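Peer 1: One letter stands for each residue in the lines below.
2 protein chains.
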Amino acid sequence: MMNIAVAQSGGPTCAINASLVGVFKESLKEPSIDAIFGSINGIEGIISNHLIDMKSMILTNEDMDLLRQTPSTVLGSCRYKLPDWREDDTVYKQIVSTLKQRQIGAFFYIGGNDSMDTVNKLSEYFAETGIDVKVIGIPKTIDNDLCITDHTPGFGSAAKYVAVTMREITRDSTVYSIPSVTVVEVMGRHAGWLTASSAVLHALGETAPHLIYVPEVKFTIEKFFKDVRREMAKHKAVIVAVSEGVEVPEGVQSGVVDNFGHKYLSGIGKYLEEMIRKEIGCKVRSIELNVMQRCSSHICSRTDIIESENIGAAGVRCALNGDTGKVMVFKRVCEMPYTTVIETADASEIANREKYLPKKFINSTEDNITDAAVSYFMPLIQGEPDLVMELGLPKHFTLQESVLK
Amino acid sequence: MMNIAVAQSGGPTCAINASLVGVFKESLKEPSIDAIFGSINGIEGIISNHLIDMKSMILTNEDMDLLRQTPSTVLGSCRYKLPDWREDDTVYKQIVSTLKQRQIGAFFYIGGNDSMDTVNKLSEYFAETGIDVKVIGIPKTIDNDLCITDHTPGFGSAAKYVAVTMREITRDSTVYSIPSVTVVEVMGRHAGWLTASSAVLHALGETAPHLIYVPEVKFTIEKFFKDVRREMAKHKAVIVAVSEGVEVPEGVQSGVVDNFGHKYLSGIGKYLEEMIRKEIGCKVRSIELNVMQRCSSHICSRTDIIESENIGAAGVRCALNGDTGKVMVFKRVCEMPYTTVIETADASEIANREKYLPKKFINSTEDNITDAAVSYFMPLIQGEPDLVMELGLPKHFTLQESVLK
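Listed in order, the protein sequences are those of chains A and B. Here the numbering used here is used: the first residue of the first sequence is 44, the next is one more, and so on. Here the numbering used here is used: the first residue of the second sequence is 44, the next is one more, and so on.
These aren't lab readings, by the way, just hints derived from the structure by calculation. These numbers were taken from a predicted model, which means no experiment stands behind them. No residue lacks a Cβ here, since even glycine has one placed at the ideal position from N, Cα and C. Wrong hints could be hidden among the right ones.
Below 25 Å or equal to it, Euclidean Cα-Cα: the simulated DSS-like pairs (lysine-lysine) are [unchecked claim]:
{"id": "1", "chain 1": "A", "residue 1": "K279", "chain 2": "B", "residue 2": "K438"}
{"id": "2", "chain 1": "A", "residue 1": "K279", "chain 2": "B", "residue 2": "K124"}
{"id": "3", "chain 1": "A", "residue 1": "K438", "chain 2": "B", "residue 2": "K277"}
{"id": "4", "chain 1": "B", "residue 1": "K266", "chain 2": "B", "residue 2": "K326"}
{"id": "5", "chain 1": "A", "residue 1": "K143", "chain 2": "A", "residue 2": "K68"}
{"id": "6", "chain 1": "A", "residue 1": "K68", "chain 2": "A", "residue 2": "K438"}
{"id": "7", "chain 1": "B", "residue 1": "K326", "chain 2": "B", "residue 2": "K279"}
{"id": "8", "chain 1": "B", "residue 1": "K136", "chain 2": "B", "residue 2": "K124"}
{"id": "9", "chain 1": "B", "residue 1": "K279", "chain 2": "A", "residue 2": "K438"}
{"id": "10", "chain 1": "B", "residue 1": "K136", "chain 2": "A", "residue 2": "K277"}
{"id": "11", "chain 1": "B", "residue 1": "K326", "chain 2": "A", "residue 2": "K124"}
{"id": "12", "chain 1": "B", "residue 1": "K279", "chain 2": "A", "residue 2": "K124"}
{"id": "13", "chain 1": "A", "residue 1": "K326", "chain 2": "B", "residue 2": "K124"}
{"id": "14", "chain 1": "B", "residue 1": "K266", "chain 2": "B", "residue 2": "K279"}
{"id": "15", "chain 1": "A", "residue 1": "K266", "chain 2": "A", "residue 2": "K279"}
Listed next, the stretches of chain B that the computed footprint assigns to chain A, with coverage defined by at least 3 CB atoms under 8 Å from CB atoms of chain A [unchecked claim]:
{"id": "16", "stretch": "107–120"}
{"id": "17", "stretch": "136–146"}
To list a few chain B residues with every Cβ distance to chain A over 12 Å, as calculated [said to hold, decoys possible]:
{"id": "18", "residue": "L71"}
{"id": "19", "residue": "T103"}
{"id": "20", "residue": "V207"}
{"id": "21", "residue": "L254"}
{"id": "22", "residue": "E397"}
So that you can see chain A by itself, here it is in the shape it has in the complex (with noise of 0.2 Å):
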């Protein structure tokens, strides 16, 4: 008999608390695994010996229904990194206490490229000082950034809320008659993955969004000029949509830019806006999705729970098995029917990594997104969630305020 304590970083999306019911109910399964633990707050919780017993925390089916329909993570989260255990090895130590006081026999931890790079360190350290706890990264991002794997836990939420969000947006801007750009913002700073996956609207008919820009192609003031007037000659009003990640070369920065300063990170929309008003005159607005792209579990994509869940109940096999220092990943066997398998790697090999859009995904011209892309996005934003509702509103399963404290 063991137990196992599982925890969520990074980030929050819609789908991390559906990783965190398939650890939990496929632990429940086990007779091998006694207490199940939730860590607050992360790695920090380990570190502090702050956990939680889930078994008294989620006690119904109801419960566990209402997990996968809150976004966000139930446990908190962090931003901690582990230093070099060479270097200093202090709160590994602490880490080891914790986990040697409740008996703790494998640990699940839920989040990002840096969050595996946690798990890398953590199963180096265990090797190396011959500690038998088993280490597994169940991934998760919105910005579908970690290597191997064919997409990550929560961005196929993300990316169907982006597009359902871009349409009616598009109907909202072409209401009047007067020629508009409407410029869209979304998230990611160095991978155009979710911005990239607005261009799933093509395959429904929408000539929207007419310009996609992602950090991956170098951006210059003067070709979207001309980009931005090709598309109004033909579109009365024209969307386009840009990572926020996208870098305007330092020369063009003059004024405008400086308006917004420090923030400059979430400003490209409104930079943009600023330069169409002064540069071509026309009617214009910006918006920033802002994080109602990662936690609008009300229209996440069904497809992106179920495969959330089975991926964090896959990682507890993937423990039990004696396998360590491991990252599950999604594998695409068959694009039509949409099929996957998960199978694991080496945490090292996606750590501190990210992925950035193939080429044959972005267009000749690099103002758009192919058909490839659109094929590939596709089967991640299908279904819908079937949503437990109380007064009009998404139920959510929540801890009191003191127990994140």
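Here the structure of chain A is known, so what remains is to put chain B in place on it, guided by the hints.
Peer 2: Coordinates of chain B only, in the frame set by chain A:
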């Protein structure tokens, strides 16, 4: 036999196409009505004789289902204000020319208080000049600021979006262990109805929003800091809802506000974010719900959509009864169970007027909203749409881009 015309005007909402369905469907039932014309871009389509035959536009029940779930105005919109006909009757003569040519006996205008000004002026002009065309206003606005009516079509859906999103943002904001403030900016230039509606979260056991500021209350930055500090002592993650129209006293607008210059009305959230960062120095962010609050029909209120269709249909019966210069209004006859009836008001009583939040809806410390307001808002956000989907997204009903040109 007569023909009728219908047009949509003002800012988009999720329910304005449902009212169009109401007018259309009720007119189909009526043997005395022959052609049903849709005017493109509001009253501009009547002036320029740009009408489409709605019977060849809406062919099936599925078309009506799609229209009900399509945000914005399928016939386009306008911000056109008629001049005083006593001073200049040029456009009035163009309007009469179109109405005569098309043998139109009744005109239905779906819009906000500016559009009700058009209803008022047209009906006065027709009475004065002996033209027998009935003019009926069907209200709509997410702002809920029309006089006489209990609430406006479109408001319930916007309020539901704001509440659902505010709850999800609350989950997103509470994940880290450090204290934070999240400022959510909600639409409403002069009236705080939509911002206030976020208080429905309190009925679901949420402590958020911890602070709610509406334009009806004088705002001072000193009290704001005091309020925020008080809530930070109680909650790790403080959530603030603020109307875009909340005015900051001129004296404190130095520095930060200048950064946002001419776009101040859409910038109060960003302004408060900067002020908190400067004065309190904690983690802080601002979120603008932007046009999503008026076009997110995927999470519209079923109550709102049904009522919006019904009030459109009631408008047709009103015209057939021989009324003109009237606006259809809701009267709430019972709060529990929620029951409304549809009545009429004179357009002159609604045009160009605004209704503000009553005092009893604002708490005594003027930083939150009362339970009386929550009881008023709650029935309006009930029920979800039964969405027709295609490839993972809600399907929309649209006209060809060329028709709207």
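Peer 1: Determine for every hint whether it applies to the structure shown.
Peer 2: Structure-based check of each hint:
{"no.": "1", "hint": "A:K279 - B:K438", "in the structure": "holds (22 Å)"}
{"no.": "2", "hint": "A:K279 - B:K124", "in the structure": "holds (22 Å)"}
{"no.": "3", "hint": "A:K438 - B:K277", "in the structure": "holds (24 Å)"}
{"no.": "4", "hint": "B:K266 - B:K326", "in the structure": "holds (20 Å)"}
{"no.": "5", "hint": "A:K143 - A:K68", "in the structure": "holds (23 Å)"}
{"no.": "6", "hint": "A:K68 - A:K438", "in the structure": "holds (21 Å)"}
{"no.": "7", "hint": "B:K326 - B:K279", "in the structure": "holds (11 Å)"}
{"no.": "8", "hint": "B:K136 - B:K124", "in the structure": "holds (15 Å)"}
{"no.": "9", "hint": "B:K279 - A:K438", "in the structure": "holds (22 Å)"}
{"no.": "10", "hint": "B:K136 - A:K277", "in the structure": "violated (34 Å)"}
{"no.": "11", "hint": "B:K326 - A:K124", "in the structure": "holds (19 Å)"}
{"no.": "12", "hint": "B:K279 - A:K124", "in the structure": "holds (22 Å)"}
{"no.": "13", "hint": "A:K326 - B:K124", "in the structure": "holds (19 Å)"}
{"no.": "14", "hint": "B:K266 - B:K279", "in the structure": "holds (20 Å)"}
{"no.": "15", "hint": "A:K266 - A:K279", "in the structure": "holds (20 Å)"}
{"no.": "16", "hint": "107–120", "in the structure": "holds (count 6)"}
{"no.": "17", "hint": "136–146", "in the structure": "violated (count 0)"}
{"no.": "18", "hint": "L71", "in the structure": "holds (25 Å)"}
{"no.": "19", "hint": "T103", "in the structure": "holds (18 Å)"}
{"no.": "20", "hint": "V207", "in the structure": "violated (5 Å)"}
{"no.": "21", "hint": "L254", "in the structure": "holds (16 Å)"}
{"no.": "22", "hint": "E397", "in the structure": "holds (22 Å)"}
The structure fails to meet hints 10, 17, 20 from the earlier list, while all remaining hints are met.
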